[in-house]
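Engineer: Let chain A serve as the given structure and place chain B on it in line with the hints.
Residues per chain, in single letters:
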Amino acid sequence: RLTLVEKPQEADGIDSVVVVDNVPQVGPERLEKLKNVIHKIFSKFGKINTEFYPEADGLTKGYIFLEYGGPSQALEAVKNADGYKLDKQHTFRVNLFTDFDKYMNISDEWETPEKQPFKDFGNMRHWIEDTDCRDQYSVIYEAGERTAIYDNDAKEPIVSEERARWTETYVRWSPKGTYLATFHQRGIALWGGEKFKQIQRFSHQGVSLIDFSPCERYVVTFSPLMDTKEDPQAIIIWDILTGHKKRGFHCESSAHWPIFKWSHDGKFFARMTLDTLSIYEAPSMGLLDKKSLKISGIKDFSWSPGDNIIAFWVPEDKDIPARVTLMQMPTRQEIRVRNLFNVVDCKLHWQRNGDYLCVKVDRTPKGTQGVVTNFEIFRMREKQVPVDVVEMKEGIIAFAWEPNGSKFAVLHGESPRINVSFYHVKNNGKIELTKTFDKQQANSIFWSPQGQFLVLAGLRSMNGALAFVDTSDCTLMNIAEHYMASDVEWDPTGRYLVTSVSWWSHKVDNAYWLWTFQGRLLQKNNKDRFCQLLWRPRPPTLLNIEDIKTIKKDLKKYSKIFEQKDRLSQSKASKELVDKRRSMMDDYRSYRETAQQTYLEQKSLRLELRGGVDSDELDSNVEDWEEETIEFFINEEIIPLGDL
Amino acid sequence: MKPNITCLSCCSPDRSITQIKYNREGDLLFSVAKDTVTNVWYSVNGERLGTYNGHTGAVWCVDCDWDTKNVLTGSADNSCRLWDCQTGKQLALLDTNSAVRTCGFDFSGNIIMFSTDKQMGYQCFLNFFDLRDPQQIDNQPYLSIPCSDHKITSAVWGPLGEYVIAGHENGEFNQFSAKSGEIVKKAKEHTKQINDIQSSVDLTMIISASKDNTAKLFDSASLEHIKTFKTERPVNSAAISPNMDHVVMGGGQEAMEVTTTSTRIGKFEAR
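As you go down the protein sequences, you meet chains A and B in turn.
Here the first sequence stands for residues 1 to 644, numbered as in full-length UniProt numbering.
Here the second sequence stands for residues 1 to 271, numbered as in full-length UniProt numbering.
Among the clues, some could well be false.
Said to hold, decoys possible - Over 10 Å on every C-beta distance to chain B, these chain A residues come out as not near it, computed from the model:
1) V78
2) D82
3) K195
4) E216
5) D275
6) P416
7) D509
8) K549
9) S559
10) S615
11) D616
Said to hold, decoys possible - Derived DMTMM-like pairs: lysine to aspartate or glutamate, alpha-carbon spacing no greater than 25 Å straight-line:
12) A:K507 to B:E224
13) A:K603 to B:E224
14) B:K227 to A:E156
15) B:K21 to B:E182
16) A:K294 to A:D239
17) B:K227 to A:D587
18) B:K188 to A:E142
19) B:K230 to A:D586
20) A:K527 to B:E162
21) B:K21 to A:D388
22) B:K188 to A:D528
23) B:K185 to A:E576
24) A:K580 to B:D219
25) B:K230 to A:E576
26) B:K185 to A:E601
27) B:K69 to A:E626
28) B:K21 to A:D616
29) A:K580 to B:E224
30) B:K230 to A:E608
31) A:K366 to A:D388
32) B:K227 to A:D579
33) B:K230 to A:D388
34) B:K192 to A:D528
35) A:K40 to A:E67
36) A:K603 to B:D212
37) B:K230 to A:D579
38) B:K69 to A:E608
39) B:K227 to A:E576
40) A:K603 to B:D130
To be clear, the hints were calculated from the coordinates, so they are not data collected in a lab.
Cβ coordinates follow ideal geometry from the N, Cα and C atoms, glycine included.
With the rest of the complex left out, here is chain A (with noise of 0.2 Å):
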């Protein structure tokens, strides 16, 4: 009988002997059943040779033993077996018997691990501390050469922190604006607290891309460099508090980025390959059920933002039609499918919280030329997910929803006839058209983040047109242009809008200027080859719906304090830019009189100078004057004067 504290006498045979640990308990009746299981799976690394399942009262004792005919084979069953789950509650640890050897033998001397120094970065959320609410946001300018971070402030930006080549190419913010990662030749570097101190570093040459993990637990790296065969490289995931490298994955082809999707809660994430959708678990890194899906022709797929729901196309194969289909994860249950009929291209475009999806579908109909758009709306909240179709009889220029809402916008139309419509998607089956307004100069639409207001703009070739609109009545708020703005860009609090022009699409010019959310300009600030501005996300709220409720019913008291708060500053502010301007202006003043009074004291050398002529006003010298009578030329008129 083996023990665990008893060593084994026989020296060989023993370096292919396995434990497998979490096997499940059973009784005599279910041993056989249990063996043929374990059977099953670990014979497929080479041929047992013994097995020992230990008892106890009636019972396996949830560990076995397993003695294969050699040692490779041993390594074999614990390099693929550890971590198998053979159900929800038993996943198997399996170990070389030789390696508890190692572990039975650790001194019993305890030797005090080294101490690494405590990286303090300091209040990683410190920034939504600001007493008076600013948000922050990132510039690039100089070409890139300089990087800063700034508090919005109404009035003018406060610099929280400026460095030259802080990145060597673009920075970007994790979702909920902890870290702000830099881009350099060896990889990236993740930087936050108060200080902006470096968090953590990742080495990955080359690297072009990145993209973050809901959760902020990880970030995805992407190098178009070389990868090789054994060592797949293109893609890395790391976890960002550890720094280390959790798998690399090939890049087989060249798909738009983030190529892995990640699900709203972190937990998942996927990517499509051709006629395949893997999908892979958080934290093990391995895929879902130990395979990926095959959904031939898949043409794209993503993941609703609220739920953990994979929505994706296929087209028309054959005679079966095109569909959508709505699948469950980890369940892979299809809770929707949807026909389609002549397509020519789907894309997905779920609402923010995951309550609505729209897919717009565009066909050609049985017998016509020309391509239509359908947008198919799926209702996620109702029983069944009920599916709506509006029909558009335009082209579609830009398609975006109310990000918490249940409105949608679109832009529709040919250029320079470009229509933008509003449209309510209502509890009681019917979407209405509320509104539409017809020639505007726009190719995009931006929602503020925290819905009720839009903004359409132009961007790039219509010049910065820009349209503010509020959609609880549909009533244009304000006209504008930012001439040549190439970018837009709402502040997460959605008070506060951005356009700008980038030096990476047009050179002069380049400038971010701050609008309120009606359309009122507050800056313009001109920034020497300005290229990118982006705010920094918020984490989510800590308050519940009761707390914000509560707090919008006193919403009047709260703002008399503010109110009062601003017409302060306000005046502090005015009172500041008085008296600088009448300090400056008694510089001014007090440089004039002194280098008058120089003026004065040197006539009698630029009397000198001109022969006694005093040329020192206009009027010093009347004597000289001339008179002189010049005629102008005011008008001709030609009077007939009759016959003579």
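Structural biologist: Structure of chain B alone, referenced to chain A:
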């Protein structure tokens, strides 16, 4: 009563005007252009009074002495010429080795200065002549200062003829003594070429227009920087109003640098 602003348009020559100057009393306006012709006009009605003919290349600069007796011009034909204002007769021809970029009479009208470009192997020089000395008028300047590093792009006299303030193509200022040729003062406030320098009416201040998108106000004697005026485009010229309450600046994108035809992008406007 509403102020009467009459816009007079003088018949312009075929090629672009390079500089204009009023005489001290303001009744005459001198203009020089790339077409080699120097014109003088009546300010009050825009009528052309006459021309000064002789240059064979583009004329870059012009100046008139305080008494409106003499006119000075500098040209790409490698000469600086002195004219009798009333008769139009050429009084002196001063040959140079390279184009004359900037020229001017001092406060007394007796001393002239001009600078030449760095061209064809020749350095930039700042030359001084005393017009009362006939020997000098025969092309022997009493002082010739070489500028080896950055050529002079614009220059004006100080208030009493003691020094010349020169602006260089790298944005720096040098105050050259008109007696010894030494650099009396230096200043570096601009980051790019100085396109033009003009004085206030009492010569105590100067304003410089630069390619670095700013115009700057300085005290002439100390070269102390007083103010900066920022725009979004290179400034070609700037002037101080005689009341000294305002400055005017003009500029825009160099025509050959314009890649779009939109006037808005070039911002061709005076401010």
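Engineer: Take the hints in turn and mark each one as holding or not.
Structural biologist: A quick look at each hint next to the structure:
Its beta-carbon lying about 67 Å from the closest one in chain B, V78 (chain A) satisfies the requirement of being farther than 10 Å from that chain. Every CB of chain B is more than 10 Å from the CB of D82 (chain A) (nearest about 64 Å), matching its label as outside the interface. With a closest Cβ-Cβ approach of about 32 Å to chain B, K195 (chain A) is found to remain outside the 10 Å limit, as its non-interface label requires. The beta carbon of E216 (chain A) is kept farther than 10 Å from every beta carbon of chain B, the shortest such distance being approximately 40 Å.
Residue-level check passed: D275 (chain A) sits 48 Å from the nearest beta carbon of chain B, beyond 10 Å. Residue-level check passed: P416 (chain A) sits 18 Å from the nearest beta carbon of chain B, beyond 10 Å. A beta-carbon of chain B comes within 10 Å of the beta-carbon of D509 (chain A); the shortest separation is about 6 Å. With a least CB separation of 48 Å from chain B, K549 (chain A) remains clear of the 10 Å interface cut-off, as annotated.
With a least beta-carbon separation of about 38 Å from chain B, S559 (chain A) lies farther than 10 Å from that chain, consistent with its non-interface assignment. At roughly 6 Å, the least C-beta separation between S615 (chain A) and chain B is not larger than 10 Å, which violates its mark as non-interface. At roughly 8 Å from the closest C-beta of chain B, the C-beta of D616 (chain A) falls inside 10 Å, breaking its exclusion from the interface. Proximity of K507 (chain A) to E224 (chain B) is assessed by CA-CA distance (about 34 Å); at most 25 Å being required, the pair is judged violated.
Our distance criterion of 25 Å between C-alpha atoms is met by K603 (chain A) and E224 (chain B), whose separation comes to about 23 Å. Straight-line distance between C-alpha atoms of K227 (chain B) and E156 (chain A) comes to about 22 Å, which keeps the hinted pair within the 25 Å bound. For the given pair, K21 (chain B) sits about 29 Å from E182 (chain B) by alpha-carbon distance, which is inconsistent with the 25 Å threshold. Between the alpha carbons of K294 (chain A) and D239 (chain A) the distance comes to roughly 29 Å, so the proposed pair goes past 25 Å and is violated.
Of the pairs offered as hints, the one joining K227 (chain B) and D587 (chain A) holds, with about 11 Å between alpha carbons and a cut-off of 25 Å not exceeded. The suggested pairing of K188 (chain B) with E142 (chain A) holds, with an alpha-carbon distance near 22 Å, which does not exceed 25 Å. Using a Cα cut-off of 25 Å, the hinted pair K230 (chain B) and D586 (chain A) holds, with the two alpha carbons roughly 21 Å apart. About 41 Å separates the Cα atoms of K527 (chain A) and E162 (chain B), which puts this hinted pair outside 25 Å; it is violated.
Distance restraint check for K21 (chain B) and D388 (chain A): the Cα-Cα separation of roughly 76 Å exceeds the 25 Å cut-off, and the hinted pair is therefore not satisfied. Restraint check for K188 (chain B) and D528 (chain A): the C-alpha separation of about 20 Å stays at or below 25 Å, so the hint holds. A hinted pair counts as satisfied when its Cα atoms are at most 25 Å apart, and K185 (chain B) with E576 (chain A) does not qualify at roughly 36 Å. Restraint check for K580 (chain A) and D219 (chain B): satisfied, since their Cα atoms lie roughly 22 Å apart, inside the 25 Å limit.
Under the criterion of a C-alpha separation no larger than 25 Å, the hint pairing K230 (chain B) with E576 (chain A) is consistent with the structure, at around 22 Å. Distance restraint check for K185 (chain B) and E601 (chain A): the Cα-Cα separation of roughly 22 Å lies within the 25 Å cut-off, and the hinted pair is therefore satisfied. Between K69 (chain B) and E626 (chain A) the alpha-carbon distance is near 16 Å, which keeps this suggested pair within the 25 Å criterion. With a C-alpha separation of about 19 Å, the suggested pair K21 (chain B) and D616 (chain A) falls inside the 25 Å cut-off, and the hint holds.
Distance check on the hinted pair: K580 (chain A) and E224 (chain B) sit about 20 Å apart at the alpha-carbon level, within 25 Å; holds. Our distance criterion of 25 Å between C-alpha atoms is broken by K230 (chain B) and E608 (chain A), whose separation comes to about 40 Å. Proposed proximity of K366 (chain A) and D388 (chain A) is supported: the alpha carbons are some 21 Å apart, at most 25 Å. The straight-line distance between the Cα atoms of K227 (chain B) and D579 (chain A) is roughly 18 Å, inside the 25 Å bound, and the hint therefore holds.
The straight-line distance between the Cα atoms of K230 (chain B) and D388 (chain A) is roughly 57 Å, outside the 25 Å bound, and the hint therefore fails. At roughly 15 Å between alpha-carbon atoms, K192 (chain B) and D528 (chain A) fall within 25 Å of each other, so this suggested pair holds. A distance of roughly 15 Å separates the Cα atoms of K40 (chain A) and E67 (chain A); the hinted pair therefore holds under the 25 Å criterion. Of the supplied pair hints, the one linking K603 (chain A) and D212 (chain B) is violated, its CA atoms being roughly 37 Å apart against a limit of 25 Å.
Annotation: proposed proximity of K230 (chain B) to D579 (chain A) holds, straight-line Cα distance about 22 Å (limit 25 Å). A distance of roughly 18 Å separates the Cα atoms of K69 (chain B) and E608 (chain A); the hinted pair therefore holds under the 25 Å criterion. Between K227 (chain B) and E576 (chain A), the direct Cα distance comes to roughly 20 Å. Compliance with the 25 Å bound is thereby established for this hinted pair. With a C-alpha separation of about 23 Å, the suggested pairing of K603 (chain A) with D130 (chain B) holds against the 25 Å cut-off.
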